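> Chain by chain, the residues run as shown.
There are 4 protein chains.
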Amino acid sequence: MASRDEPAKAGGNGKREAFYEKIDKSNMTALWTVLGSLITREPKSACRPFGWRFDAIREAMVEAGALITAKEAERRVLVLENPGLRGQSKITTSLYAGVQLVLPGEVAPAHRHSQSALRLVLEGKGAHTAVEGEKVMMSPGDFIITPSMTWHDHGNETDEPIYWLDGLDIPLVQFLDASFLEHLGADEQPITRPNGDSLARYGSNLLPVDFHPSAASPTSPVFWYPYARSREALDQLARAQDWDPCHGLRLRYVNPATGEHAMPTMATFLQLLPGGFATRRYRCTDATVFACLEGGGRSRIGEETIEWGPRDIFVAPSWFPVSHEAEAESVLFSFSDRPVQEKLGLWREDRGNG
Amino acid sequence: MASRDEPAKAGGNGKREAFYEKIDKSNMTALWTVLGSLITREPKSACRPFGWRFDAIREAMVEAGALITAKEAERRVLVLENPGLRGQSKITTSLYAGVQLVLPGEVAPAHRHSQSALRLVLEGKGAHTAVEGEKVMMSPGDFIITPSMTWHDHGNETDEPIYWLDGLDIPLVQFLDASFLEHLGADEQPITRPNGDSLARYGSNLLPVDFHPSAASPTSPVFWYPYARSREALDQLARAQDWDPCHGLRLRYVNPATGEHAMPTMATFLQLLPGGFATRRYRCTDATVFACLEGGGRSRIGEETIEWGPRDIFVAPSWFPVSHEAEAESVLFSFSDRPVQEKLGLWREDRGNG
Amino acid sequence: MASRDEPAKAGGNGKREAFYEKIDKSNMTALWTVLGSLITREPKSACRPFGWRFDAIREAMVEAGALITAKEAERRVLVLENPGLRGQSKITTSLYAGVQLVLPGEVAPAHRHSQSALRLVLEGKGAHTAVEGEKVMMSPGDFIITPSMTWHDHGNETDEPIYWLDGLDIPLVQFLDASFLEHLGADEQPITRPNGDSLARYGSNLLPVDFHPSAASPTSPVFWYPYARSREALDQLARAQDWDPCHGLRLRYVNPATGEHAMPTMATFLQLLPGGFATRRYRCTDATVFACLEGGGRSRIGEETIEWGPRDIFVAPSWFPVSHEAEAESVLFSFSDRPVQEKLGLWREDRGNG
Amino acid sequence: MASRDEPAKAGGNGKREAFYEKIDKSNMTALWTVLGSLITREPKSACRPFGWRFDAIREAMVEAGALITAKEAERRVLVLENPGLRGQSKITTSLYAGVQLVLPGEVAPAHRHSQSALRLVLEGKGAHTAVEGEKVMMSPGDFIITPSMTWHDHGNETDEPIYWLDGLDIPLVQFLDASFLEHLGADEQPITRPNGDSLARYGSNLLPVDFHPSAASPTSPVFWYPYARSREALDQLARAQDWDPCHGLRLRYVNPATGEHAMPTMATFLQLLPGGFATRRYRCTDATVFACLEGGGRSRIGEETIEWGPRDIFVAPSWFPVSHEAEAESVLFSFSDRPVQEKLGLWREDRGNG
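Chains as they are written, first to last, in full-length UniProt numbering: chain A, 1 to 354; chain B, 1 to 354; chain C, 1 to 354; chain D, 1 to 354.
In case anyone wonders, no lab produced these hints; they're calculated from the structure. Just so it is clear, the structure is predicted and the values come from calculations on it, not from any experiment. Among the hints, a few may not be true.
Computed cross-link-like contacts, DSS-like style, restricted to lysine-lysine with a CA-CA straight-line distance of at most 27 Å [stated by the list, open to error]:
hint, chain 1, residue 1, chain 2, residue 2
1, C, Lys71, D, Lys22
2, B, Lys71, A, Lys22
3, A, Lys15, B, Lys44
4, C, Lys22, D, Lys71
Input sequences plus hints: build the corresponding full structure.
Here it is in structure tokens:
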């Protein structure tokens with residue numbers, strides 16, 4: 001017997017099957033045979049909770065470092081694939097994540113593409129990312145953006161390897177069929193502005209008198225959010241002792257020229273949990289990737305418990321209840337597709353209080 | 001030899017393959033083996049140009065009408081599946097289209113869901129759609145919205161069948177993992193406002209003095225755009241004889257409370273082509289579904305030519321060059337995911353003039 | 001003895017007076033001697049409630065028609081001066097109102113200025129206003145905008161005089177010291193678009209596909225709001241019988257490309273009061289000019305009662321309680337500086353219900 | 001003979017004069033007798049260029065300090081009156097400026113009002129301003145906002161006097177007839193948040209995850225812009241050697257939650273001029289008040305030349321050409337009503353390059 005959500009696919013002495021076969025030839029399908037899987041009562045995808053320990057990632061990356069150069073690989077990255085979405089290069093249904101390694105002396109050559117990328121430095125200090133003529137020196141915890149269609153390249157002139165988390169909207173751009181890519185034809189782009197110029201110019205609660213943000217380029221003109229400054233803000237705010245039951249103290253990175261999320265397609269967050277703090281179970285429709293920057297603890301995601309410490313990465317699918325328990329004072333970075341859902345009127349959260 | 005876009009997957013005497021196998025167990029993949037298919041130089045999907053003649057659709061629908069009731073089916077719809085995306089209930093990579101039939105005396109019962117839907121009446125007059133307590137009587141060419149999470153039901157109290165085109169953002173909501181659905185538990189919702197109230201209240205270049213559009217519900221409060229009024233606007237504007245080489249005379253339906261697209265996830269357009277007019281080849285990143293309301297002609301889409309007349313439906317994939325040639329004065333309705341791409345900074349067009 | 005709001009101006013054996021005299025020479029004043037009049041507990045200006053009967057205005061205008069031509073006068077207008085603000089050409093502290101007469105065969109020559117103007121036709125039919133290359137034929141009740149810095153001229157090719165209400169932001173632009181004016185050097189501007197083009201193009205719940213509203217020109221691209229259409233909306237909405245206790249049924253004219261007020265500096269409203277309806281006392285910080293289009297009744301404004309009938313004009317100062325009583329079904333047009341106050345975070349209302 | 005802009009007031013053998021007298025009794029005036037002064041070809045007010053040397057202000061303030069306490073005065077301020085607008089408590093047509101002195105041990109008691117205020121510390125260090133439960137310690141060059149309708153009080157617990165520049169929108173609020181004022185009934189408001197909380201919470205390129213800026217309170221939630229941080233931004237940006245011919249290096253203070261000006265009614269700017277730099281003559285419609293924070297030089301404003309050094313204040317009227325010449329490296333703070341003009345579509349500049 002057909003359930004409410006799914007009318008009888010078959011019936012009428014095989015007449016329906018014959019009909020389905022016939023219309024199939026005209027590139028048509030009967031909605032009632034698939035409706036229940038297309039429009040679900042609640043979010044329901046193959047995406048699963050999962051965690052990657054950084055030690056394991058690093059071990060694999062060291063091996064990768066011996067197998068291929070950054071230049072040959074264009075980007076030497078190990079993709080973190082959601083166990084429920086294998087073969088799709090996705091960490092959630094809409095987002096991609098990977099860990100990138102640049103060895104001393106290496107260069108990841110200049111290109112640009114419609115995909116937006118975030119970089120969160122996990123280990124190593126002093127390598128650089130160049131964006132639109134400006135170089136930034138990367139330190140652990142720094143959050144760096146390479147905006148859609150801006151030239152970017154990476155290089156490591158230090159004597160230690162650097163590892164960072166890459167978050168990109170690759171699946172989203174693929175889904176929208178809007179990918180463009182160009183290679184500069186040179187390892188490095190010319191440098192035309194002093195280091196730190198963008199942060200000073202756009203990120204000091206001032207803006208150039210004649211600057212107007214463009215709807216066509218909605219990414220933050222600040223592309224470097226140094227951890228030192230963000231961490232200092234968390235420290236200052238912790239003094240107010242005003243903890244949110246679901247989040248502890250959670251901030252979102254913004255485009256200071258608009259107050260919008262720093263990137264149009266991905267939200268990025270920084271979160272402080274005091275030692276011993278346990279959050280209330282919370283769920284939202286933006287599947288979220290977390291990376292631990294300091295401390296340690298565990299998160300309950302649906303029926304799974306994931307332990308985490310510095311540099312570990314884990315993912316919570318859409319609408320799965322999430323709660324965190326911090327053993328020591330902990331800092332979590334996270335990202336999701338929330339700006340997309342907000343702009344489309346689709347985002348929803350459940351704070352578990354009613 | 002590896003191309004520029006795709007470094008050698010294999011190499012080093014099988015060491016790479018062994019590595020790929022090993023990391024696979026930890027839910028990791030080497031980016032360089034897939035990068036070329038993830039970030040492409042130009043949009044590149046399986047979506048294909050295709051056209052459906054309405055006569056064929058109607059013939060199949062008449063048969064469907066005998067096989068299943070609207071109530072059993074919940075919605076008696078034949079999905080138009082893109083030939084390049086079979087089995088996915090998609091007409092483009094991100095959108096769904098189908099044709100719905102409601103027979104005299106039938107009801108499509110009240111439900112609501114996060115998916116937004118557009119209805120374009122193809123044939124039949126006088127059946128109704130009810131949205132949020134208001135009924136609208138449907139006529140050919142009328143464009144009707146059932147916004148995200150609003151109760152809606154359809155009924156036909158006339159003595160002729162009604163056919164309309166459904167356009168929904170089902171694949172998008174599925175991709176974002178943000179589907180919610182509720183059934184009202186009754187065939188029809190209670191009617192609390194006079195017919196035509198919303199159009200008068202919000203669509204007369206006036207707004208209620210205390211009305212403020214909500215960022216959380218970005219859909220137009222006008223949910224009925226009668227063809228008579230839109231057609232009259234086209235007629236009036238045709239007098240200016242100011243034809244766009246790519247589009248003839250093309251307007252987009254808007255939310256008059258914001259000037260944004262009428263729906264947050266789908267753009268909808270109405271377009272007049274004088275008899276004999278041929279448009280310049282044009283391409284854009286929003287794959288577009290067209291439906292002919294009047295006239296007839298043909299469109300060249302990439303390498304394909306599609307003939308169309310009244311009520312025929314055809315689809316142009318992302319970034320395929322499109323040109324139209326109207327034999328008689330023609331009116332085309334169309335829809336796409338352009339608002340999504342615009343909000344994310346991804347939309348791009350090529351007017352073929354440079 | 002000094003009140004709380006005003007410290008002793010004098011004191012200290014004349015030392016203060018001596019001090020005031022001394023600093024006066026350096027273009028300085030002691031704030032404490034004037035603070036109480038600068039920052040008041042509530043709005044407190046010289047603006048007074050007042051009403052002008054149209055019969056009296058017309059009588060004066062007929063006389064003016066014999067004294068000066070429209071062309072010699074540039075605009076043959078009688079300014080309605082608030083009795084509390086005589087000599088300042090103001091009807092409220094920030095706005096100007098007047099009644100304009102164009103006789104058969106006359107022309108008010110083309111000019112443009114930074115001041116925005118609204119026209120509300122009071123009597124006469126078929127004279128025209130031309131704006132930016134498009135002519136509009138004026139009928140009673142029509143609301144017409146001549147936006148900031150757009151060329152405009154008026155002409156009367158009929159055989160009856162036309163009278164309309166002019167509302168301008170003259171005092172505001174004067175206050176901001178931002179007035180610019182140019183004369184075209186011709187009576188009439190060239191006509192380049194068919195009559196009715198703008199209304200069809202921007203005011204039909206559709207917008208041209210490549211049109212984007214400009215922050216620099218925030219006025220509605222629809223410059224003609226015919227009374228027939230607005231009145232029809234009121235009629236339709238009256239069927240819902242959903243009367244606001246303070247306003248009856250009150251709509252605001254909008255820019256359909258943004259949902260904002262039709263003009264950046266002036267709000268315009270249209271309001272239906274059923275016969276016998278009496279509104280609750282209401283006050284707001286935007287002093288408001290009312291013009292009766294149909295019906296008749298009286299308004300209580302502060303301690304004054306003003307009787308009104310068709311074409312009569314009256315003004316309610318900021319923060320004065322206002323209530324209306326309609327004898328017959330009445331339509332009131334009104335305008336104020338509310339958009340300015342809203343944008344600056346200053347607007348406040350009191351619905352008298354708490 | 002009447003000029004183009006001003007038709008003959010008199011004429012017709014005294015008939016016109018008789019008419020003017022008659023309509024005057026009905027609160028009407030003939031527009032053509034005043035039009036030329038209401039709508040001018042260019043901005044044309046009584047506002048004049050003028051400069052106040054801080055030494056003279058301080059001398060007067062010291063004397064004021066002996067004549068009245070901060071508490072008795074409510075605010076011990078000397079108003080800087082534009083010489084062309086005497087008796088109106090205005091420094092420009094729309095803005096107010098004054099210099100405030102709080103002596104050691106004094107308190108300026110808590111109140112709130114619809115007027116927005118900016119404070120720019122000129123001399124003295126360590127006194128405080130409290131806003132909405134948070135205290136800020138004031139240092140020279142700091143820019144502090146007391147937003148519309150927020151409780152604020154000032155106190156000086158140090159052993160040195162503090163002087164700051166007050167800029168308020170008093171004339172604007174008066175003009176719009178929208179003034180509200182309340183006294184708390186206590187010298188100081190209760191302190192509920194740690195010092196520096198707002199700057200960390202909203203001014204670190206991050207925002208609280210659940211914070212949404214409100215259209216009704218458009219002022220920056222950051223109310224303290226410490227000079228140390230702003231000066232550091234200027235220093236960093238000076239390294240780019242990218243000088244604007246009209247402005248040197250000029251930034252505007254912003255609300256980082258929206259990218260808009262920090263206050264809805266007043267723009268605030270910070271500007272660096274290298275020693276020896278001379279700017280090109282520039283004019284704009286926002287009359288501007290300048291205060292020198294460092295360096296020295298002179299400005300040519302219309303036909304006047306004004307010399308300035310640290311803490312000196314000067315004013316440039318609307319549309320007067322302004323050029324600066326810096327003798328030593330100089331920093332200028334400035335403020336104007338530009339946000340008002342921008343929002344109303346009235347702002348205009350002339351960079352002198354065409």
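> Take the hints in turn and mark each one as holding or not.
Quick rundown of the hints versus the structure:
1. Lys71/C <-> Lys22/D: Satisfied, since the Cα-Cα distance of roughly 23 Å is no more than 27 Å.
2. Lys71/B <-> Lys22/A: holds (23 Å)
3. Lys15/A <-> Lys44/B: Roughly 39 Å between the alpha carbons, so the hint for Lys15/A and Lys44/B is violated.
4. Lys22/C <-> Lys71/D: Holds. Lys22/C to Lys71/D sits at ~23 Å (cutoff 27 Å).
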